[in-house]
Amino acid sequence: MPASFDSDVFEQQTAAAFPGFELNSDVMDFGKIHLRFELGDGHANGTSRRVDQATERALVLFERCMLHTDSIVLIVNEFGFSGDELNPTDPDGYLATLIPELSACCNAVIVNGEDGEPLLRRSFIRTAKSRLDYRGILRGIACLEQGRTPCINESIYFVNESKSIVFYMCDDRGCLIYSSVAETLASLYIEYNGWLVDYYREHFDAIWGVGDGHSTEPGCGEP
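First residue of the sequence shown? That's 1333 in my numbering, and the numbers climb one at a time after it.
These aren't lab readings, by the way, just hints derived from the structure by calculation. Backbone N, C-alpha and C define an ideal beta-carbon position, used for all residues, glycine too. Keep in mind that the hints are not guaranteed to be accurate.
Pairwise CB distance ranges (calculated) [claimed, not checked]: (1) V1341 with H1400: 31 to 37 angstroms; (2) Q1344 with D1537: 31 to 37 angstroms; (3) V1513 with A1376: 34 to 40 angstroms; (4) E1446 with H1375: 34 to 40 angstroms.
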């Protein structure tokens, strides 16, 4: 991780792009302008088909979000941090084989819970997409709740700073994509509408639906 990376500056820039964002919160919310996609739905839990579909859908959406950029900031959260570990995110673990800069990361903050005790460690890593095994990361996340290995239990947010887009894969069930501008996600709303979480469709349609004043031409605001 380059020493020039300043997490305080990053927080200020992110807060400016995503009003309401709080870095020291354990639940990271980047705002109302977001889409939620189903990933592994349609396949039974514990099956290879579910993991494969979740990985491939996440990969398609991730690559669209990071199109035309090679610089990515990763926010890596590790829960269960007691405060005694020297390296809470194991530098010799599976995730470190996928993120070359992880073992050298020195830009981290400790987030405390409501009781004042350490809740998680949050590391910041700016890296090149070309150096990142993001397919392996997405598959590792998809495997976590499916009892498969290798898996990744850290929560990871991928930030495209140039376009103010944040990609977050929860697990095999779904992922969220945030943007500072609604038009940026319009093409994803159109092209992958069938993957959207039905429970939130009313919210999504109010922002991107036909007749709401937003353009729905194919390719509009392509990430």
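Comparing the hints with the structure gives:
1. Remark: the range hint 31 to 37 angstroms for V1341 to H1400 is contradicted by a beta-carbon distance near 23 angstroms.
2. At about 33 angstroms, the CB distance of Q1344 to D1537 agrees with the hint of 31 to 37 angstroms.
3. Checked against the hint of 34 to 40 angstroms, the pair V1513 and A1376 passes, with Cβ atoms roughly 38 angstroms apart.
4. Our hint of 34 to 40 angstroms for E1446 and H1375 holds, since their Cβ atoms are close to 37 angstroms apart.
Hint violations for this structure: number 1 only, all remaining hints satisfied.
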